[in-house]
Amino acid sequence: AQRVTQPEKLLSVFKGAPVELKCNYSYSGSPELFWYVQYSRQRLQLLLRHISRESIKGFTADLNKGETSFHLKKPFAQEEDSAMYYCALSNAGGTSYGKLTFGQGTILTVHP
Amino acid sequence: DTEVTQTPKHLVMGMTNKKSLKCEQHMGHRAMYWYKQKAKKPPELMFVYSYEKLSINESVPSRFSPECPNSSLLNLHLHALQPEDSALYLCASSQVPTGESYGYTFGSGTRLTVV
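Sequences listed follow chains E and X, in order. If you read the first sequence in the numbering used here, its first letter stands for residue 1, the second for the next number, and so on. If you read the second sequence in the numbering used here, its first letter stands for residue 1, the second for the next number, and so on.
Everything labelled a hint here was simulated from the structure, so no lab data went into it. Accuracy of the hints is not assured; some may be wrong.
Unchecked claim - Reference listing, derived: stretches of chain E covered by chain X, where coverage requires no fewer than 3 residues with Cβ under 8 Å from a Cβ of chain X:
1) 38–49
2) 98–110
Stated by the list, open to error - Computed spacing ranges between beta-carbons, pair by pair:
3) T5(E) to L88(X): 19 to 25 Å
4) Q42(E) to L73(X): 20 to 26 Å
5) K9(X) to M84(E): 35 to 41 Å
Positions of the beta carbon are idealized from the N, C-alpha and C atoms, including for glycine.
Using the sequences and the hints given, assemble the complete structure.
Right, dumping it as structure tokens:
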């Protein structure tokens, strides 16, 4: 069964500091991984897809198949980055084709 | 139009009521989803519709009944709910079921309270 683990429930940093939100996954096939962000009172928004290797709002994430990780990083955190971040994995085959599984989420707080 | 629209935004219903949640998208996405989210918890998948056919039912109680009338619309019919069913119900869509092309787009949800 697929599983996504975000070991940190809460993460606090100061403005301008680097930030890394950890995500590990368990999946037998080739994963499709995403980071979603949920700002206060707003809808879930797609932040990054591993397949596109893009950088959004200064965030990057690299898929490490050897370590089964997809950590989210930003070199200089901003106060507006404060939000709930979810790592998610999409099942690309089998009977659960299309199922998106979320990690428990990490609440990031960036202090001024 | 790049949004998933959900109505109503808030719903209060009694345990004997019948109500429906509605979700609409006009992005040409062929997969649509219902998720349930409790406070400070991640969304939990309930149903997946792929090309207007139900492809995944995550053992959801029969008091929740999904319907996909066409490729743009997704409904969730509610009947005889329990107070523990109170939650934020999220609809999502994706171009293909794996979300491979552009990921999954989520609506802002319907906040349901069962009294």
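Checking against the hints above, which ones are violated?
-> Of the numbered hints given earlier, the structure breaks just one, which is hint 5.
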